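Chemist: Work from the hints to combine the two standalone chains into their complex.
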Amino acid sequence: MTLPARYSYPLSGLLLLTLLLAFPFLSSAQQQATIEGRVVNESAEPLTGINVALEGTRWGATTNANGRYSIRNIAAGNYTIVASSIGFQTRKEELSLNAGQTHTWNITLQQAAYNLDAVTVSGKSELREVEEKAFNVDVVNAKKLHATTLDLGHALDRVSGVRVRESGGVGSRMNFSMNGFTGNQVKFFVDGIPIDNFGSSFQLNNIPVNYAERIEVYKGVVPVGLGADALGGAVNVITNRYQQTHADVSYSYGSFNTHRTNANLVYVAESGFTAQINAFQNYSDNNYDITVDVADIETGAYDKNREVERFNDTYHNETVIANLGVVNKSFADRLLVGITLGQNYDEIQTGARQVSVFGDWHRKGNLIMPTLKYQKSDLFTENLDVSLNANYNFGEEQNIDTSHRRYNWLGDYVEYEGPGGERSYSKYKYQNNNGLVTTNWNYQINGRHALSLGNTFNTFSREGHDPLNPDDITNDQPKKTRKNVAGLSYQYSREDWNVSLFTKHYFQKNIYVQSYNPSGDYGDVAYRDRTSNFSKMGYGAAATYFATDNLQLKASYEKSYRLPNSNELFGNLVNLEGNIELDPEKSHNYNLGGSYWMDLGSGHRLNVNQTVFYRDASDFIRTKLNTNQTQQVKDNLGSVTNLGLESQVYYQYQDKLAAGFNLTYQDLRNNTKYVDGRTTESVVYRDRIPNMPYFYGNANAEYTFNNLWQNNHSLSIGYNLLYVHDFYLYWPSLGTNSEKLAIPQQISHDITITYNLGPTNRFQFTLEARNITDERRYDNFSLQKPGRNFSGKVRYSF
Amino acid sequence: MKFLHRYIYIFMTALLVTSCSDPSSVDSCEESGNFIIAATPQALDGVADYLLTTESLESGSISTVGCGQEQDGTYRYYVTNNNKYFSLLYGQGNPGAVTTYQLNSNGKLDELSDFQSETVQAFAPIEDDVLMVKAPRSINDPTAYWYRLNTENSQFTDEGQIDIIELAGNGEGAFPSWLTQVDDQVFMPFSTITGQGNNSFSTSYPDSAWVAVYSYPEMALQTVIKDDRTSFIGRYFTKGLSVDENGDVYAFSSAIATDDNGQMISTKPSAITRINGGAMEFDQSYFFNIQEASDGFYLTDHVYAGDGNVLLMMRDADEKAPYTTGHNFAIVNVHNQTFTWVNGLPDASSILNVTSMNNYVSEDGSTVYTGITIGNTIENEEGEKETVFEGSYVYAIDIASATATRGLEVKGGAITSINKLEPAE
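Chains A and B supply the protein sequences, listed in that same order. Residues in the first sequence are numbered from 1 upward in steps of one, following the UniProt record's numbering. Residues in the second sequence are numbered from 1 upward in steps of one, following the UniProt record's numbering.
So that you can see chain B by itself, here it is in the shape it has in the complex (with noise of 0.2 Å):
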């Protein structure tokens, strides 16, 4: 019996031994403050999202190591309304989750509900609503289906449909590139796909803009207003206008329009058009030619800052690509058609990926924040060149000198998104 003793011993000292050494279940993590950073780590991929909460984002170090609001899964988008912060899965295809966040007096996040959400193409703060838009990619199926999401009770409170052959007008479907409120309206650039064939967003249409003008929050049709100067505002996933201090709305259009081999075939160059604040037509004498300004590069996303000036993204129009982000940055003010490229920021062909949807702009309009992760390029097994995970900083754009400092890092994943809450009461 006394090798069985001394043997329950062992095992029992074993799993003592081991319970010890369990941390303590009280959270380490110290950070807190009003800015909300998405972090996607890009160690050896687990597949979460992490929410981290930071007091500035001009200095230090933050990281996902011990902190931050797991998200189920990635493929995430952020955007913040009425002060909370919502989470949503695309979930390709299959129902998305969305999980909604508002700031404790802690400075940290706390979940207030989660629900679940169709997948969508389009989601944008709309008076007290986030307004999305589920667009169909088929001819055969040409229905879009908008969905009114009150921020209040974080639930559905109304929804309609689209027929997107009827607003296209031309035989092909619309397909809304995003929403943005102008006034009490509802403005949704679109462009024109066949929905069919090898590339369902190829078009026939390569040189027209459209936006259709709701009402809200009916959602009712008004008008659409067509450009033939510019190939169609915005891309996919992306905002293509911005509502000055005056009123005008200012329409980006990066001019990428495909055929059914994926070929570019606009005519038109990159440009920024106007429809000036309450007219329901584009102001045939403002024309802002972006690639002219630039010397051959075209925007792909934009962040408005505040009088008249514009955070632009480029790429090279000799690479144009329909989906990407572009990592070359320029300062533009849209009201004297000046163009500038930003200082200080690593060089393009270091740049892994940026945060194209949520930048944040800081109140005065002089400075924005937009997050830059740097890779190192390495020959990979095949001996083919390819950048991996560096490191991930939040770049502090100056607009008046159009300088880059670098800022806050984030440790172990890359920036997605930047925004800032202040606590719920």
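Looking at chain A on its own, in the form it has when it is part of the complex (with noise of 0.2 Å):
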């Protein structure tokens, strides 16, 4: 195995041609007709990212998050306005504009009975579909994936700059890594709510994408409604919210004795009551072959490359999110209040590394949340809009390892005499007792002026006991933290550019107990008590900017904190080992964007984007394995840079043809020249982070077979690859070139084969093959993933 030990720097060439393409101009403003309103759906919550346009001009928006949009210096005279979405069922309206009028128009769109391909072709057609956030942000319209059997950690998987690790199969520990940040740099919402506190119930690897509406991936710079410590980026999942009574059910059966069902049900009275329940659950064996080198219980010998199943990762969940309230009312546009119930169940097969391999360790957990939301817009005064969310988890996790042996990649055994685990013989149960409420507000000053005020309150407190163990006094220590994050933004907007300054304020205290050694001798224990604080303000601007009407581009930056979580700072007893010294990680972060349409007629579209990024992290929080490799364990790393270039190129022809690729390339190095006051320099300095994976991509393209036979009958053929290029385990320019471990390239094909039926795609039929050429592929130090594998997946809805 070869790898680069250095690479120079490559993306001058880049940065410069997208610098002078960025150079930004200001266009005058002229004394001409505004218009301006809101759109909300049928249950009056806003919507976001619908386009109001006048017909055949080059004049339109975006409505925000609250739903409001404005359009402005229009000429005046008599026009066709209409607001479209994916979705949506399209209204027009036609109406005459005179010179300085502000006109406004407030419209409730009604959910359609949908094509979906032809919904994007034809929306896209009559207006160009466009993000107006001066953030950095990929929309993933997830109702595209929903006919696959995609959680969301995978469906993600698809997005430009965004790379999945897993550490296994169904169920198995997830790792994002987004542009070089990784893990908890970039945090998960569920409709604007931090999913950090969920437990193992409800995570990425667990949810299925038909949970999901559309996921927006914010890169680098989020906005303040996402109030938390999200550095590095934040991916923020909007669930489907189904304005009538609706019904959707799917089940899937696949590889590896895989069973997913999810139901998703809702009821809207005429009253303005509803329900929703919305259920999933996961089953997998995740029996699947890996190529290892399998050591003799008795010998010790290694039989090298050697195919064996993996026998200890049975992995299973049920998760039900209820929800009751009402919506549309005076005190409330909606105030839902809801239960999580989930409980899971999880083998454990290998450590951090595939060399060590257990045969009966396994942990659950169960989640038991109590949820509000509320939402209200006009509050106190018109366009001042407000929500509130709160959560609390009372649930429970357990790592179980009771049995006192020794396994082999075969199952083989030697068992020991008297108790004893596999790692370390527990029965440990612990609760983590997390709290969350966040707010936000909404101030509309006028159509150009915004103001919006965004805060996350957080709390943890593990408390255990190993009933195995009833005196460790480790597990009486107390395990604290809160944290809250507030943040305060103003938007100002113009016709063709729009700017967004803000700034942010972060809080951590830290309650624990630290273990030292009072003589300094090896092996002697004592404990204090610590509380650490951490308050620190950040600050950033974004701005977008129309240059032509096909081309548009985007520059932001922000000075950001990262603070520790809770199973960073205390563990989570699997395979992640805590370290309460941790600090908060402090970055700068640049990005630089650009996008530009091209209609090429005859019903071609092309769609190409390439962002720049650079980011200046000290205290880059890392993953690294613990000093005897049996954990991962975060750690700071004094400074890093990264250099990061993304490309991405989507064509689209009619409604039958839809192809596309991504690619991204991060030089994330070492910016630490010396370590800890040493004075010889480090001889890692620029360095390339060793771990991590630098280059990627994805492509894929899908066609469509539509009215096969039959009207409403149609078939689709999606195609998508996945690269990985290797990269090193350890610091890339030590030691022998030729003898280094690395995580080797990596290229996964898959194909999804959907067939639907009826009026509105009422019954859909599903094929998956994933890893077609059963390519052997890693994850997270040289964790084996599965290789090839086929589901099929029924799906009903009304």
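Among the hints, a few may not be true.
To be verified - Here are the simulated DSBU-like pairs of lysine-lysine, each with C-alpha atoms no more than 30 Å apart in a straight line:
{"#": "1", "chain 1": "A", "residue 1": "Lys-304", "chain 2": "B", "residue 2": "Lys-385"}
{"#": "2", "chain 1": "B", "residue 1": "Lys-385", "chain 2": "A", "residue 2": "Lys-536"}
{"#": "3", "chain 1": "A", "residue 1": "Lys-624", "chain 2": "B", "residue 2": "Lys-411"}
Claimed, not checked - Beta-carbon label-pair distances, calculated as ranges:
{"#": "4", "chain 1": "B", "residue 1": "Gln-196", "chain 2": "A", "residue 2": "Leu-721", "range": "54 to 64 Å"}
{"#": "5", "chain 1": "A", "residue 1": "Leu-388", "chain 2": "B", "residue 2": "Ser-138", "range": "47 to 57 Å"}
{"#": "6", "chain 1": "A", "residue 1": "Glu-417", "chain 2": "B", "residue 2": "Asp-283", "range": "47 to 57 Å"}
{"#": "7", "chain 1": "A", "residue 1": "Thr-531", "chain 2": "B", "residue 2": "Ser-350", "range": "27 to 37 Å"}
{"#": "8", "chain 1": "A", "residue 1": "Leu-388", "chain 2": "B", "residue 2": "Gln-263", "range": "26 to 36 Å"}
Hints were generated in silico from the structure; no laboratory data involved. Since we're looking at a predicted model, the values are computed, not measured. The beta carbon of each residue, even a glycine, is placed where N, CA and C say it ideally should be.
Modeler: Written out as structure tokens, the structure is:
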């Protein structure tokens, strides 16, 4: 295995080009007409991302998070105004505008009975689908993936700049990385609510893609509305909000005895009373074959590259989310009280490395989480919109390691005398007592100025005990954190540019017990109570400019912090060791991007996106292996820079063919010259950060045969390719090149065939083949992932 | 379409430039030779050790940058036997891996095999094997295991059990310090430990030394030799016996037995005692009181150079610590009981770390080569003094003059082991 040890900096040319393209120039304002208003759905909830435009002209806008839009500098005259978006019925109205007039057009959009692809195409042909936001954001239309068996994690893996790394099959731990940021540098939200508290029963690896309507992926700078310490970006999952009684049920079965069920039931009464239930289940034996060196249980001799079946990796989870409440009342646009109940069971096959294998160790967890959601627009005064969310997780997690054995990959074991475990004798059960309150205030001062205030408060207190080890004093020691992140932003918008300025305050308090060595002798341990406080201000700005009808430029900067989360501080008791010494990470993020749309005529359309980003992080939090390689541990790495480049190209032909690719290259470098006051330069100064993918991409294509032999029957064939360049496990510059440990290059091909029948896709049948060439794929310190696998899915909705 | 063409052109050019800037896969490492140095990177720590080869220990410098056999994981231990180099991962309860290397005619290491092993606490070359012992530190689990690793095929060829309570014979459990071949037998010094409470290595018998004698390869217990003039022989992961040219066995005691609170409770001095060749008892007429000879220091480790000359690593007896290697060096002759401090070494307070287990002794026994990593004392963020890595060097200690000379520098790592192999045929 050979890999490049160091790279030069080949990106300067492209960077220069992008800088030239991005040179900002401002347009002059004129005394002309304005249209503004608000777009809501039938439940009076604001709709984001709705295109509002004057037909046949270049004037248009997209609604913001509050459903508001404004189109300025319109020449006087007669127009047809159109509001449209994927999944909604298009509304049109004729109007005439006088010079200087401000016309208000508030509308309600109804959900469309749609053929998705057709809507996409016609939507684009009339109105260019644009992201008005100055933030660098990708929106994944999750509905397009509803026919697949993907979970949210794997859906995100197809987004440009995103890599989702996992430790195995269904339900395995996932590690998300985006533009060089990994794990908790990127925060996850569901409808704007952070989900890092939700326990193991509700995570990326088990939420089906059907739960989402769309997924917004913010790269780099994150709006204050998502009020958290998202240093590297954020993913906001927008859930399905059916406004009428609706049901959507699907079941899939696939390789490795994998069963998944998802049900989405919504009831809406005339009175405004609404009840929603979302239930999903995943089950898998995950008994896929891997190629490992199998040690003989007696002699220890390795049988090299032997194919064996995983045998202690069964995973299942069952989750129900229920909400009851009212919509469209005078006191609330939406008031929902709900509960999320879930449980999961997870067998642990390996340690952080595949060489350590377990045969009985498992963990389980449950989720009991009451939730409250409140939304009201025009509270107290017109244009003041408020939302509040709160939840508390009473769930428990348990780690069960009571088998005093040593296994090998064949499932052979040596049984030892007396009590003991495979890693550590444990039945430790704990409760994290997570609480969360988020509030958001938005005030539209007038068509051009707006203020937003967001606050997220988070509390954590781990309490646990181990019946097998009741005297272990470390289980009684406090493990508490409190976090608060508040953000204030100001937006100013003009017809062809807008800008947002914001500031954020980060606060974290940790209460814990620190072990230390009072004598300096090896093995001597004593404990002391510790409290640490962190309070810092961050700030930033984001701007976008439409240079022409077809070219949008975006630039943003943020000075941001990322607070360590509770698992990183206190461990997750499986394969993540806690590091209470972990400091918050600080970063300066710069993003520059351009999007170009082209209509090539005759139904051919092309979209090109180019982003350059630069990060300058200190106390960079990265994952490494602990000293004896059994677990991962988070670690502050002095200073890291990352210069990256991201490209996306998409092509569409009518409603038949869609194809595209994205590629990401990131040059992550260790920027610490002198470690801890040393006077000699670090030998890995400017070396590439090890064990991080730095060049990867996706390509996909889908062809749809409409109205096959009869109306309303259609067949689509989709193809997806995933590429990850090889990378080193340890510092690239150290050691002899040809002998270094590396994660090899990975290419996998997935094929999806979907057959739709019924007037509105009532029935959908999908066949999926993933990793069809049976490529060996690795992740996370060379843990092997499933080979070729198949699944089938049936979906019914009305 | 022009835009598209231009775009694709630029992107492909960027990719091409990227791939062209890959250095060739030809290894740039020029270093080769018979000496194998294990270096643990002190940079912002990757966890890998690197095995470097070099021709000379006397001068020059080698670096882990671009050189060295990458070891999967630190906490590795190294041992040579039968002209092979074994790299053992200490997995702390998880299975460790053992990788075997030999030297090729180009002076580079070739990997022969790797295999899975239990994590063991003692391992030593015995005949053509590496004998390993995995010892429990809990009285509830009183079985130790031994494994015989055949160095020809790198496989375990035999294993057995040792009842540590029975071996101790005093109600506590025997905990072996190390293994040494004496003639055709294996001597295993041990301490006895309570295996419970706050300090499982505590003992009620701090003033006795024991050596279990086993036949080899059967590993049948022959006898236990006991002496009440010193505390136990050797230390955790530390060899405590050496055999001289006359076949006499010298035993090195640190006198570091502890009670349940970790207090040092041995009333005996740190000393060297002797078991005469062929005898199955300590020579009661021989006693070398090191604490007295050094005026208040105790020995932590020893390297036998030849003709009764031994390099000792020493530490102030007022700062006894059960697991710490001393940073003061002295040369003693165990035959005529002379004691001399070594000159020319960095001040003990500026030493960060010394190679304890694998030091190299020249073939004529005149020079001991030891790896010393020196540090720089700084004040950290919390105002505490801290010694940080500064550089790592091989020091050649001339036995006759008791003088050390700085030799080879190892860049980008702390020297943890120095060994020598001959090229395999």
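Chemist: Against each hint, give a clear statement of whether it holds in the structure.
Modeler: Results of checking the hints against the structure:
no.: 1; hint: A:Lys-304 with B:Lys-385; in the structure: violated, 48 Å
no.: 2; hint: B:Lys-385 with A:Lys-536; in the structure: holds, 28 Å
no.: 3; hint: A:Lys-624 with B:Lys-411; in the structure: holds, 23 Å
no.: 4; hint: B:Gln-196 with A:Leu-721: 54 to 64 Å; in the structure: holds, 59 Å
no.: 5; hint: A:Leu-388 with B:Ser-138: 47 to 57 Å; in the structure: holds, 54 Å
no.: 6; hint: A:Glu-417 with B:Asp-283: 47 to 57 Å; in the structure: violated, 39 Å
no.: 7; hint: A:Thr-531 with B:Ser-350: 27 to 37 Å; in the structure: holds, 35 Å
no.: 8; hint: A:Leu-388 with B:Gln-263: 26 to 36 Å; in the structure: violated, 59 Å
Consistency note: the structure conflicts with the earlier hints numbered 1, 6 and 8.
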